[in-house]
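Protein chains: 2
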Amino acid sequence: MGTSFYKKRLNSAQYVSGILKGDRILLSKAITLIESKLPSDNALAENVLEQLLPHTGKSLRIGITGVPGVGKSSFIESFGKFLTSLRKKTAVLTIDPSSQRSKGSILGDKTRMEELANDPMAFIRPSAAGDTLGGVNSKSRETILLCEAAGFEVIIVETVGVGQSETAVRGIVDFFLLLMLAGAGDELQGIKKGIMEMADAIAVTKADGDNIRKSELAKREYQNALHMFPPNENGWYPKVVTCSSLNKTGIQEIWDIILQYEEIMKSKGYFQSNRQQQNISWMKEAISYYLQTAFYNTDEVKKMIALKTKEVGNGTTPAIMAAKEMLSLFFQQPGNPDEV
Amino acid sequence: MGTSFYKKRLNSAQYVSGILKGDRILLSKAITLIESKLPSDNALAENVLEQLLPHTGKSLRIGITGVPGVGKSSFIESFGKFLTSLRKKTAVLTIDPSSQRSKGSILGDKTRMEELANDPMAFIRPSAAGDTLGGVNSKSRETILLCEAAGFEVIIVETVGVGQSETAVRGIVDFFLLLMLAGAGDELQGIKKGIMEMADAIAVTKADGDNIRKSELAKREYQNALHMFPPNENGWYPKVVTCSSLNKTGIQEIWDIILQYEEIMKSKGYFQSNRQQQNISWMKEAISYYLQTAFYNTDEVKKMIALKTKEVGNGTTPAIMAAKEMLSLFFQQPGNPDEV
Numbered sequence: 076m077g078t079s080f081y082k083k084r085l086n087s088a089q090y091v092s093g094i095l096k097g098d099r100i101l102l103s104k105a106i107t108l109i110e111s112k113l114p115s116d117n118a119l120a121e122n123v124l125e126q127l128l129p130h131t132g133k134s135l136r137i138g139i140t141g142v143p144g145v146g147k148s149s150f151i152e153s154f155g156k157f158l159t160s161l162r163k164k165t166a167v168l169t170i171d172p173s174s175q176r177s178k179g180s181i182l183g184d185k186t187r188m189e190e191l192a193n194d195p196m197a198f199i200r201p202s203a204a205g206d207t208l209g210g211v212n213s214k215s216r217e218t219i220l221l222c223e224a225a226g227f228e229v230i231i232v233e234t235v236g237v238g239q240s241e242t243a244v245r246g247i248v249d250f251f252l253l254l255m256l257a258g259a260g261d262e263l264q265g266i267k268k269g270i271m272e273m274a275d276a277i278a279v280t281k282a283d284g285d286n287i288r289k290s291e292l293a294k295r296e297y298q299n300a301l302h303m304f305p306p307n308e309n310g311w312y313p314k315v316v317t318c319s320s321l322n323k324t325g326i327q328e329i330w331d332i333i334l335q336y337e338e339i340m341k342s343k344g345y346f347q348s349n350r351q352q353q354n355i356s357w358m359k360e361a362i363s364y365y366l367q368t369a370f371y372n373t374d375e376v377k378k379m380i381a382l383k384t385k386e387v388g389n390g391t392t393p394a395i396m397a398a399k400e401m402l403s404l405f406f407q408q409p410g411n412p413d414e415v
Numbered sequence: 076m077g078t079s080f081y082k083k084r085l086n087s088a089q090y091v092s093g094i095l096k097g098d099r100i101l102l103s104k105a106i107t108l109i110e111s112k113l114p115s116d117n118a119l120a121e122n123v124l125e126q127l128l129p130h131t132g133k134s135l136r137i138g139i140t141g142v143p144g145v146g147k148s149s150f151i152e153s154f155g156k157f158l159t160s161l162r163k164k165t166a167v168l169t170i171d172p173s174s175q176r177s178k179g180s181i182l183g184d185k186t187r188m189e190e191l192a193n194d195p196m197a198f199i200r201p202s203a204a205g206d207t208l209g210g211v212n213s214k215s216r217e218t219i220l221l222c223e224a225a226g227f228e229v230i231i232v233e234t235v236g237v238g239q240s241e242t243a244v245r246g247i248v249d250f251f252l253l254l255m256l257a258g259a260g261d262e263l264q265g266i267k268k269g270i271m272e273m274a275d276a277i278a279v280t281k282a283d284g285d286n287i288r289k290s291e292l293a294k295r296e297y298q299n300a301l302h303m304f305p306p307n308e309n310g311w312y313p314k315v316v317t318c319s320s321l322n323k324t325g326i327q328e329i330w331d332i333i334l335q336y337e338e339i340m341k342s343k344g345y346f347q348s349n350r351q352q353q354n355i356s357w358m359k360e361a362i363s364y365y366l367q368t369a370f371y372n373t374d375e376v377k378k379m380i381a382l383k384t385k386e387v388g389n390g391t392t393p394a395i396m397a398a399k400e401m402l403s404l405f406f407q408q409p410g411n412p413d414e415v
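Here the protein sequences come in this chain order: A and B.
Heads up, the first sequence is in my numbering, so the first residue is 76 and it goes up one at a time.
Heads up, the second sequence is in my numbering, so the first residue is 76 and it goes up one at a time.
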């Protein structure tokens, strides 16, 4: 179709048929609608999403995180190219907290995974992390669903391993992979507390050249550390591997671990029940998110919140009283679904 | 005063003056009001609390947790007796998830710390954990404040180290002590993920008799494990000690660590800023809690929630749509502060 077609504002039927055909331009436009701040855009996006819902859920959703410098981009490029070489349509969604402030990192994404970006079997979409959990989750989750409807079989959700976003991402993927560097002792320095415990697997990156021995040591150290924690609730013991994006080693091994995980968890029924729980949590988070949005955007609350926060902080007003005071003002407002 | 006085429904002035005098019966009654489900009781309790607020905040708030069998009661009894021997008025608040179901454990608490329970310098108050974070927090926090107003200088908040409640408790105390057992490898089995990372100190219990060597080994193992994690945001590196409630060893050492922590954190200003943040979080949690309580108690929502949860779970309705559908019903309700 000509570019003129894409310039027009399209209706939901056009989006639906286009996305089901795997049209990346329409997929991108639909994601933009989801990320838009305009309620009208969101409404259209949700309408599209609802029609696409029966065509979603068939992908394998993989979360990948690691501190800056761990080599995330190189790994995802190698891993992604490996997957497309298996003829698996692969989407990469990067949740980048910084991209709220500067669009720079978004441009960055495109170039830092150049090979994959030009791969017809791959789709890379950087997206700004919302400033709220509800925000991050809802948008990222809807984006995953759109990509699935467009026929992507593996969806990689990338986060920077230093922010709040890991827990949120853990709640929207099937498998969580943590990339780690081989350092000199204190291996976990810089990794946010608790992240290691969310991992289904840890990959020690840059295991090449002089770094191989150090990486093997780090691998054992992580194995010992993980050994000290109980297995995940699903009975899975996180695996640790070394890999090199340079020599393309360990990539196949990581994929095999993920497939093994998928097979075991599907046979246990955990895979499905986990997704059900994720959907239900999503609904609850959305409810909580929209309730609080409506509350904090009420004029009366806006007028008081700064003062009340100060009073509660320095202990001159009990937190519960301040809360109830503002809540009573909120509930005196005429309810307005548009607020939501 | 005669028991008849306590039987009457008292007014807030009577509560306030009594609690400031350190009257434990009135303190207990006030805590009961806070834990009551009757709005009128809560209103009275909040009125009392507001008047007492200027007299709160002067205690050292210590959270203590550990899995069943670690010897929490014996430790808290020894630790508590040690504190009262220093003439420190000590309150022990136990947050017991099970006590929601059976009152048994509440009676249990009284007897399992018999010596401390009969100590005139000590006050033991078991309380059922609410079924929500907001619940747990608000009631426990208000109870802490009441105890402070009654002149208690050290307040120990005890939780069972296997539930949801640790994170909540971490958010209402100044110092978090984790009790651990010396086991054979896999030291962390049974401890809920993430709890170890919340600890400001770990005490290996039952370090007596044949157990001493094993406890020293466990201590080193914990030190190594902790060494792998970054220091807490306040720059504090968690300490690990061994102790014995039987031989009363390690108790003084633990108290010294807590005092050292208090001194350093106060000189850094972290102690104060942490409490300010805790108060503000408390207000925000309360807002979120009351908003959701009002939402889920709306008749229209009650009618739909089960069906919507099912639809969202099995993926036939998008989570966001289900949420917005119920939210629009909620906001169409005439606002009613009494709901809150």
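Simulated from the structure, these hints should not be mistaken for lab results.
Each hint should be verified, as a subset may be incorrect.
Same chains, same names: a pair is fine if it fits in one copy or spans any two.
With a cut-off of at most 20 Å between alpha-carbon atoms, the simulated EDC-like pairs for lysine to aspartate or glutamate come out as follows [as the list claims (entries may be wrong)]:
1) 104 x 337
2) 385 x 125
3) 383 x 125
4) 83 x 272
5) 104 x 116
6) 359 x 400
Here's how the hints hold up against the structure:
no., hint, verdict
1, 104 x 337, "neither (31 Å within a copy, 55 Å between copies)"
2, 385 x 125, "between (43 Å within a copy, 16 Å between copies)"
3, 383 x 125, "between (41 Å within a copy, 14 Å between copies)"
4, 83 x 272, "neither (47 Å within a copy, 53 Å between copies)"
5, 104 x 116, "within (10 Å within a copy, 55 Å between copies)"
6, 359 x 400, "between (25 Å within a copy, 13 Å between copies)"
When each numbered hint is compared with the structure, violations occur for hints 1 and 4.
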